[in-house]
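Peer 1: Here are the chains, one letter per residue:
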Amino acid sequence: MKKRFKLTDLDCANCAAKMEEAIKKIDGVHDATVSFMAQKMTVDADDARFDDIMKEIVAVCKKVESDCIINL
Amino acid sequence: MNNLTRKQRKMLYRILLAAALLIAVKLLPHLFPVPVWMAVPLYLAPYLIIGWDVLWKAVRNILNGQVFDENFLMALATVGAFATGEYAEAVFVMLFYQTGELFQDYAVGKSRQSIAALMDIRPDTANLELEDGSLEEVDPEDVEVGAVVVVRPGERVPLDGEVLEGASALDTAALTGESVPRDVGVGDAVISGCVNQSGLLRVKVTKPCEESTVSKILDLVENAGEKKAASENFITRFARYYTPCVVIAATALFLLPTIALALLPASAQPAFLAGTDWTGWLHRALIFLVISCPCALVISVPLSFFGGIGGASKCGILVKGSNYLETLARTETVVFDKTGTLTQGSFTVTALHPAKGVTEDALLEAAALAESWSSHPISVSLRKAWGKDLDPSRVTDVEEIAGHGVAAKVDGKAVSAGNSRLMEKEGVQWESCDLPGTIVHVTVEGRYAGHILISDLPKPEAKTLVEGLKAAGVKKTVMLTGDTEAAAKAVAQELGIDEVHSQLLPADKVERVEGLLARKSSPSASLAFVGDGINDAPVLTRADVGIAMGALGSDAAIEAADVVLMDDNPAKIATAMRISRKTLRIVKQNIWFALGVKGAVLLLGAFGVATMWEAVFADVGVAFIAILNAMRCLHVEEFKK
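As you go down the protein sequences, you meet chains A and B in turn. If you're matching positions, the first sequence starts at 1 in my numbering and goes up one per residue. If you're matching positions, the second sequence starts at 73 in my numbering and goes up one per residue.
I should point out that these hints are in silico values taken from the structure, not numbers from a laboratory. Treat the hints with care, since some could be wrong.
[Claimed, not checked] With a cut-off of at most 20 Å between alpha-carbon atoms, the simulated SDA-like pairs for lysine to any residue come out as follows:
(1) 3/A / 30/A
(2) 40/A / 182/B
(3) 299/B / 21/A
(4) 6/A / 177/B
(5) 542/B / 526/B
(6) 82/B / 48/A
(7) 182/B / 9/A
(8) 279/B / 260/B
(9) 2/A / 48/A
(10) 279/B / 310/B
(11) 288/B / 5/A
(12) 40/A / 185/B
(13) 6/A / 294/B
(14) 456/B / 429/B
(15) 2/A / 294/B
(16) 6/A / 288/B
(17) 3/A / 279/B
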């Protein structure tokens, strides 16, 4: 399943790249992109565990850039 | 200053306050003596005003395991500067860093806004006609298929639909970049996002809001960032190694000489250590830390692509991702489909060759009448060329002979119109024609009356296309068509196309494109295919970059292609190439400029020539310039004409 999320206060381009890389490493995530310019995140992950995976993604992003909020 | 966000304005005040304080503290000793111990608290005030959040984020991110975070690097560099007694420098570096961040934030927000404004073509309301005939203003999302909406002059068409009543001219500029309005009347399809210029229209909605043209276009542009270009990935990957490397180099730059100074006796020390002490080396290492921030590098590349995509959509060219912009810029070969792409896709009578004793008018009238019952494109073009009203009652006994033509009685006389096979069947001596195109021979009462040449004319804009493409750096142009060789060659010659493959079936086209792909001069050179998107989907996907034209209103084309031209003007292909090349040029400039300056300052810093001021320039100043350069991608006025 592929879903898009809007991001708020994603302030640095390098953080976006780091977030993207961290999300891709999460188990069950097939693909992910974080677009700094569009302030958007696209996640393609397993259907069954999508909600759990999203929780992990939120935690990972918090670590990289605490100010950035994922609008679920 | 009014367009700053609250966060940005707060930062601006902090910068101004800290700058004022820094100047005041700097001037203080000139006015009256300040005890030495006072210097630290005096400089600490502006430092904390400008840098408290950086320090806080550095601590927080370290706790989160983010070691090479730029906040941490800046904090370390400035705290280090304080430790070595360079108070003013520490405050200044932080000040400049924050100014750079503010500017970056502002510039990115600005370019995002200008693209959002560009895409502000979705109307917020629709005038829904209720059963009693009154109008209600509703959200377009709440309008159902089959409902009737009214579009007043000056309003945007809210949803895709069909005109029930009224006639008007529609301004499609927001969608196609084309300024010539499109006339619509009863029965015509109208597309959401166009502006109604003159008359009141009653429109029956044919598609729900989320499937309307304007929603699809917005969706496409907004999500273009998902497909990242190779140079974008390069720079993020580069940054991943760059920062740790520079930080390690900084550590080595500090530790090695310091250890050498401490352990070796003065006589055994190498020459470059002479006269230096550990604070000097620490200072050089701190310069490295300032330069190691990767953000300037990382931001300018996606910003350029974003601008390029935005600029292209201003011209009615939708690019589905940064990667396609990159491929487009490397295009070496452009392959065209003929019909509908380079030619008008409709048949026009281009020559009348009557036999002796027959007038041109008589020839055309006979043919038009005989074919008046048929809806075949050729018949339509004959009627169009005749132009006057035809009385169908003059035509009787119509017989369509498949693959041959038509036989009928016109005013009681036997008239046949068709190809050479029909003539042979009737046993009539016919004349051949050298001109390319489809030939309709006509006989009246069994006697040859002459022939009519019908051809598919090239679009007027196509004539300068090849020239434009060559100027944009394309090496070879190829045309593929299912048409006859003569017709194909004639069009190719007129337009200056290098290579022609005719009489192809759709499957053959894929094969030809594969052949051309295999013959590319280098793996990085790319091949673009341009088609109308309706029956070209396999070829569009097979090419490195598939360009669909005349896509306005055709969902299939928008789906299948990588680059979508909203109108059917082939000159836009050259425009797309030029925009992509300009964007890539800017991306390259930014990468080399940023790397060059950073490299140079690193080198100078290592030899102790560069100061921290230059280091901040290498970080923030470079970002400044790169962002300004990237913003140029948005400006496409030169391409619009």
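Peer 1: Look at each hint and say if it fits the structure.
Peer 2: Cross-check of the supplied hints:
{"no.": "1", "hint": "3/A / 30/A", "result": "holds (12 Å)"}
{"no.": "2", "hint": "40/A / 182/B", "result": "holds (17 Å)"}
{"no.": "3", "hint": "299/B / 21/A", "result": "holds (15 Å)"}
{"no.": "4", "hint": "6/A / 177/B", "result": "holds (18 Å)"}
{"no.": "5", "hint": "542/B / 526/B", "result": "violated (31 Å)"}
{"no.": "6", "hint": "82/B / 48/A", "result": "violated (44 Å)"}
{"no.": "7", "hint": "182/B / 9/A", "result": "holds (15 Å)"}
{"no.": "8", "hint": "279/B / 260/B", "result": "holds (15 Å)"}
{"no.": "9", "hint": "2/A / 48/A", "result": "holds (12 Å)"}
{"no.": "10", "hint": "279/B / 310/B", "result": "violated (46 Å)"}
{"no.": "11", "hint": "288/B / 5/A", "result": "holds (18 Å)"}
{"no.": "12", "hint": "40/A / 185/B", "result": "holds (15 Å)"}
{"no.": "13", "hint": "6/A / 294/B", "result": "holds (11 Å)"}
{"no.": "14", "hint": "456/B / 429/B", "result": "violated (24 Å)"}
{"no.": "15", "hint": "2/A / 294/B", "result": "holds (16 Å)"}
{"no.": "16", "hint": "6/A / 288/B", "result": "holds (18 Å)"}
{"no.": "17", "hint": "3/A / 279/B", "result": "violated (24 Å)"}
When held up to the earlier numbered hints, the structure conflicts with 5, 6, 10, 14 and 17 and fits the remainder.
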